Amino acid sequence: MKEKENINKFTAKYGKELPYSIPDGYFDSLPFRIQEYCLTQSPVHTKQKVTVWQAIRAQISLAAGFVALAFLAAGAYYVLQPTSNTPSVLSNDDYIEIIQNNIYDFDEENLINEIQPYRLDDSIQSYNDEMIQYLLDQDIDYTTLIEQY
Amino acid sequence: MSQMSDKELLCMFRVEDTRSYAFNLIVRKYQERLYWHVRKIVISHDDTDDVMQNTFLKVWNALDKFREDSQLFTWLYRIATNEALTFLKKKRSKFFVPFEDVEQQLISTLESSPSLNGEQIKIKLQKAVLKLPEKQRLVFNMKYFDELKYEEISQIVGTSVGALKASYHHAVKKIEKAMEDD
Chain P
0 MKEKENINKF TAKYGKELPY SIPDGYFDSL PFRIQEYCLT QSPVHTKQKV
50 TVWQAIRAQI SLAAGFVALA FLAAGAYYVL QPTSNTPSVL SNDDYIEIIQ
100 NNIYDFDEEN LINEIQPYRL DDSIQSYNDE MIQYLLDQDI DYTTLIEQY
Chain W
0 MSQMSDKELL CMFRVEDTRS YAFNLIVRKY QERLYWHVRK IVISHDDTDD
50 VMQNTFLKVW NALDKFREDS QLFTWLYRIA TNEALTFLKK KRSKFFVPFE
100 DVEQQLISTL ESSPSLNGEQ IKIKLQKAVL KLPEKQRLVF NMKYFDELKY
150 EEISQIVGTS VGALKASYHH AVKKIEKAME DD
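Chains as they are written, first to last, in numbering that gives the first Met the number 0: chain P, 0 to 148; chain W, 0 to 181.
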């Protein structure tokens, strides 16, 4: 209550009018100026008709981009893939040199395993046996022969 | 033509054909209240004119999204207040003016304003108001000059009614003291 009285006194003493003035006709012209300003400054507000093409253009562009990327990736894969008939670039001498330089990397078992596929097959082995038997039957010293030839 | 209600104006604004006309009516309905509210914050007429244009540009762009949770005029007041304060902030940073000097600058603008036509006591009151901190100044202007209710001011500045009452009380005390001192 006292607060209200104070405010009333305050109002009576100083008033509520403002000491400012404005140009004549300012409020008559302001709405038109504002409307003009809004129409020039803001993006177009009228709802434009959107065609189907305009609506899906972005999605189609994106899909086309993915397809092009897939083609590029596939092309690069086929171009850069090594072919099976590419000749070996290492010669036998190279292999020997590599093994000699790294001999301690190979143990006996490894070497045996590598050699095993190249062992004579059973038919050749049996042929050799027949030859040896023939030489024995004929009493031919094949050891001497081997030494001589 | 009798003044249309806010609801009618908003309905008209949402129809494409009557949008511009409705906006024009909204500007006509609220331009004076908003102008004086902004003028008390930025003081100069030219600055007020700039702020008014920016305020209504924001309104034009955002009125579609206005949900009518609050009254249209409190929403307009809020936009105008923010625009006016942003304007002062930009001015401050543009000219590297310290915060304390802004009020002094506004007082100088007030004194040198060619559009000043009041009695000395009114000018003195405005000077005293300009010496208040920003928030108290806003609350005092809206309560004393615009005669808004605390609930409405609360919606505009986003402060509780209790805090607003305290702000207003302190503002009045400070102004009274400043008027007696001068």
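In short, the hints are calculated from the structure, not lab data.
Fair warning: there could be bad hints in the mix.
Derived lysine-lysine pairs resembling PhoX-like cross-links, with alpha carbons at most 20 angstroms apart [unchecked claim]: (1) 126(W) to 12(P); (2) 8(P) to 173(W); (3) 126(W) to 3(P); (4) 8(P) to 134(W); (5) 64(W) to 15(P); (6) 3(P) to 164(W); (7) 12(P) to 176(W); (8) 176(W) to 8(P); (9) 57(W) to 15(P); (10) 15(P) to 123(W); (11) 12(P) to 134(W); (12) 3(P) to 89(W); (13) 134(W) to 148(W).
As the structure is a computational prediction, the values presented were derived from the model and not from experiment.
Tested hints:
no., hint, in the structure
1, 126(W) to 12(P), "holds, 16 angstroms"
2, 8(P) to 173(W), "holds, 15 angstroms"
3, 126(W) to 3(P), "violated, 24 angstroms"
4, 8(P) to 134(W), "violated, 24 angstroms"
5, 64(W) to 15(P), "violated, 35 angstroms"
6, 3(P) to 164(W), "holds, 12 angstroms"
7, 12(P) to 176(W), "holds, 14 angstroms"
8, 176(W) to 8(P), "holds, 14 angstroms"
9, 57(W) to 15(P), "violated, 30 angstroms"
10, 15(P) to 123(W), "holds, 13 angstroms"
11, 12(P) to 134(W), "violated, 24 angstroms"
12, 3(P) to 89(W), "violated, 38 angstroms"
13, 134(W) to 148(W), "holds, 16 angstroms"
Checked against the numbered hints above, the structure breaks hints 3, 4, 5, 9, 11, 12 and satisfies the rest.
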